[in-house]
Amino acid sequence: MYVIIAGAGKVGWNLARELLSKDHEVTLIEDDRRRYLVVEQELEHAVQYGDATELWVLERAGIQRADLVIAVTGDDEDNMLICQMAKEKYLTQRIVARVNNPRNLQHFKLLGIQPAVSATDLILRLIEHEVPQYGLVQLLALEGERLEIIELEVVQGAAAAGLRVEEVPLPDGCLIISVLRDGGGFVPKSDTVIEAGDEVLLILDPGLESAITPQFTQSTAAA
Amino acid sequence: MLILIVGAGRVGSAVAKQALEAGHEVSVLDQDPLSHEQLDKDLVDTWEDAGGRFTVGTALEVDALVEAGIEQADVFIAATRGDNTNLVVAQIAQKRFNVPRVIVRVADPARAAWYAEQGLQTICPTQHAIDLVAKAALTPA
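Residue numbers (this note's numbering), protein chains in the order written: chain A, 1 to 223; chain B, 1 to 141.
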């Protein structure tokens, strides 16, 4: 696979290293002369000096034949435009953009830049995964495919607790794909019994959360 | 007609003053509070006394754009120093706020040309300078 990475900061440099070690062809583009010279010591011809928002720099790097363009500069406008031009002008199959300021995520979406990865959001999700105080944790959203994976903790007295997987009343478009219990996880069968204290992972069509969540997180025990 | 100008540099502030003089409502957004001086320059009173609006904020902040009046704007001009900021904020004005006329200054001729093909009204000062200089130099005496 031929990958172009814009921005040789910590993220870009390490991405380039990893991809090169997996035998991919990589060109890293950096517009700070001093940074470029440092990175060039290690990556040699795999790094080019220039502003990746300029068309001739992208073309010099061979964007016409790139399979993947990753924009991870420290500037959100730059990342948006690099990906927009890759996608719309050079018809690159896959793009990945870094979001520095999570408030700019809406602009990436507006311009159709997907996936846009925000470190702040990722860390927030990890925190929620460790401390599931909201009952529902969204683990993964595949927006292009319109699917998401969520994690729910089964509370004591929940409707689903004590039921076999096949008996849990769930809407169409939703499947229990994993049960986390006693520090381990497994893929349940239709006769696996859900227990209170389990964490269950479900894959579902977006929008079904409100129909699914109460089965696991609301106690039906009479007060 | 409400004209919203992002970036109060030489071009932005000069266009702002012309538009105000022509009787339009003019709002200017710039991240630097001191850029206000560009607007006051050559005016008898301050920019506000002359009837203009000024908001401090960065171009990608939706709150700042709304405060500056983007929802009512008939014309949006992106004239900051940064091409990339201009191209992004112009697309926000066009696609999110549906401003009827969006004008964007782009110094890089190559991208000015490509984004013009994509439906943005780009103005490239560099291209104009190239054309004028080339004409001045190459026209037979």
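What the hints contain is simulated information worked out from the structure, not anything from laboratory work.
Keep in mind it's a predicted model, so treat the numbers as computed, not measured.
The beta carbon of each residue, even a glycine, is placed where N, CA and C say it ideally should be.
Hints should not be assumed to be uniformly reliable.
[To be verified] Example chain B residues on the side facing chain A (calculated, C-beta under 10 Å, incomplete): (1) Phe54; (2) Val62; (3) Asn86; (4) Asn98; (5) Pro100; (6) Arg101; (7) Gln118; (8) Gln121; (9) Ile123.
Now the hints, each set against the structure:
1. Using the Cβ-Cβ criterion of 10 Å, the hint placing phenylalanine 54 of chain B at the interface with chain A is not satisfied: the shortest such distance is roughly 23 Å.
2. Among the interface hints, the one on valine 62 of chain B holds; its C-beta lies about 7 Å from the nearest C-beta in chain A, closer than the 10 Å criterion.
3. The beta carbon of asparagine 86 of chain B comes within 9 Å of a beta carbon in chain A, closer than 10 Å, and the hint placing it at the interface holds.
4. Violation of the interface hint for asparagine 98 of chain B is found here, the shortest Cβ-Cβ separation to chain A being roughly 12 Å, above the 10 Å cut-off.
5. Given the 10 Å rule on beta carbons, the hint for proline 100 of chain B is violated: about 18 Å separates it from the nearest Cβ of chain A.
6. A distance limit of 10 Å between C-beta atoms decides the matter here; for arginine 101 of chain B the minimum to chain A is near 19 Å, and the interface restraint is violated.
7. Because the beta carbon of glutamine 118 of chain B sits about 7 Å from the nearest beta carbon in chain A, less than 10 Å, this interface hint is met.
8. Hint status for glutamine 121 of chain B relative to chain A: violated, with the closest Cβ pair at about 17 Å, above 10 Å.
9. With its C-beta approaching chain A no nearer than about 17 Å, isoleucine 123 of chain B sits outside the 10 Å limit, and its interface hint is violated.
Hint violations for this structure: numbers 1, 4, 5, 6, 8 and 9, all remaining hints satisfied.
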